[in-house]
Every structure is written in C-alpha cells, then in structure tokens.
Amino acid sequence: MKNTWVLSVKTSLPDVCARVGDLKMHTYAFDSFEEARDAARAVMKSLAFSQNTMFDGKGRIKRLSEYIEDMWGNDEDEDDEYDICLTQKKLTEVQDALVRVFEGYDVVPHIPEGEFTDWMIAYRYENGEIVFFGDDDGPCNGYDPTIKTNMFSMTEEKDYFMYIDDLFGQDDCSSELYIDLVKAKEFTV
1 MKNTWVLSVK TSLPDVCARV GDLKMHTYAF DSFEEARDAA RAVMKSLAFS
51 QNTMFDGKGR IKRLSEYIED MWGNDEDEDD EYDICLTQKK LTEVQDALVR
101 VFEGYDVVPH IPEGEFTDWM IAYRYENGEI VFFGDDDGPC NGYDPTIKTN
151 MFSMTEEKDY FMYIDDLFGQ DDCSSELYID LVKAKEFTV
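Heads up: the sequence shown runs through residues 1 to 189, numbered per the numbering used here.
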C-alpha cells in the first residue's frame, strides 16, 4: 500500500483572528514524507519571512520579541542555568531556535529541558517538544500564548505539528497558526 502524508494549515494570517471565521484551512496530500516535510517547511518559511500580524518578516514572532524586550530582571543574576525562572536568555534561545526551524533547518536547540516560568507565561521543553502556556496570573492578564511544536528536527518519519497563538498580553486579537503533518491512516471496512 502507498503511503499518503497530509499537510493541513489553518491560520488567520496575514491578519489577526477576531472570530472563528477568520481561520482559513488548506489541506494537501503527498506521496512521500520528504515531499510533505518540504511543503510544510515552505509554508512556514513563507509565513515567517513575510510581514504579517504574527511575524516580523525575519522569522521572529513579533509578540514574543516584544515580551523578551520588556522582561524585567537581569540574566546575570541567574546562578543556575537550570533554575525554573524564565529569563530573557532562555526566551531568546527559544526564539532563535524557532527562526532556524522557520528557515527550514533541522535544529538541536540549546534549550535546557524542564519547565520554566516567570509566573505570567511558562514553557516546558522535553524530548524535542516545546509547549508555551499562560501561567499563574498570566491568563487573567491576557498572557496565554500557545507555541507548541516538535518540528525542531524533522529527520524521522513521524507526525509533526506547529501551533502558535501569539496572545502575549496585547489588548486586541491574537494571530493564529496551526500546522499538522500526519501520515494518513488506512481505512478498512
């Protein structure tokens, strides 16, 4: 039986998502994993390296960059690289790794494994997967971002995903991007 790989892209880009109808869905089928992976990377690169409400045209998530710039504290006070406190350095390392993913590269991120928080947002990184979420007072103050991906390295034939909702405390709507690359399941009656 022939393998079929399905790439689905649901996004509000180039605009924000004010209502569910603002999300547009596109689905593509490919005969090989390599074709599907290359298409997923092409979609990410096209979106991340164009000016839109989520990306700065250079592969950086605008709201994450603003959050990093506005963080208080001094990374020089950080005694232990694996401390649970979320710092500018840790977030910059995540942003830099994501830029490389959007460029289409397989990346070994220099991100310590574990869960890190500044009690507004947090992320957990383990086994090649990162998950951002609002933490503690964050969600009630408008800080409830989603960045969830396992696309750092796409050398293995398996299902991949990239989900971004850039809700980093802005007073208006967020931008949303959901990409799934999955091997189609065989249907039997």
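Each hint should be verified, as a subset may be incorrect.
Claimed, not checked - Distance condition first, Cα-Cα at most 25 Å in a straight line; then the derived DSS-like pairs of lysine-lysine:
#1 K2 to K148
#2 K10 to K89
#3 K148 to K58
#4 K58 to K185
#5 K45 to K62
#6 K10 to K183
#7 K185 to K148
#8 K158 to K185
#9 K158 to K148
#10 K58 to K45
#11 K2 to K62
#12 K2 to K45
#13 K45 to K148
#14 K24 to K10
#15 K45 to K10
#16 K62 to K183
Just so you know, the hints here were simulated from the structure itself, not pulled from any lab data.
Hinted pair, alpha-carbon criterion (25 Å max): K185, K148. Please report holds or violated.
Within the cut-off at roughly 23 Å; holds.
Are the Cα atoms of K158 and K148 separated by 25 Å or less?
holds, 16 Å
Hinted pair K10 and K183, Cα distance within 25 Å:
holds, 18 Å
Just to be careful, I want the Cα atoms of K45 and K62 compared with a cutoff of 25 Å; is the pair within it?
Within the cut-off at roughly 15 Å; holds.
Pair hint outcome, K158 versus K185 [Cα-Cα no greater than 25 Å]:
Roughly 12 Å separates the two Cα atoms, so the pair holds.
Hint check: K58 vs K185, CA-CA at most 25 Å. Holds or violated?
Not OK: K58 and K185 at ~36 Å, beyond 25 Å, violated.
K148 and K58: Cα distance at most 25 Å?
holds, 20 Å
Is K10 within 25 Å of K89, Cα to Cα?
violated, 31 Å
Are the Cα atoms of K2 and K45 separated by 25 Å or less?
Measuring from Cα to Cα gives roughly 28 Å; hence the hint is violated.
Does K62 lie within 25 Å of K2 when you go C-alpha to C-alpha?
Violated. K2 to K62 sits at ~41 Å, over the 25 Å cutoff.
For the pair we were handed, K45 and K10, check the Cα-Cα distance against 25 Å.
Holds: K45 and K10 sit about 15 Å apart, inside 25 Å.
Tell me if the straight-line CA distance from K45 to K148 falls inside 25 Å.
holds, 17 Å
The structure is inconsistent with the numbered hints 1, 2, 4, 11, 12, 16, although it conforms to all the rest.
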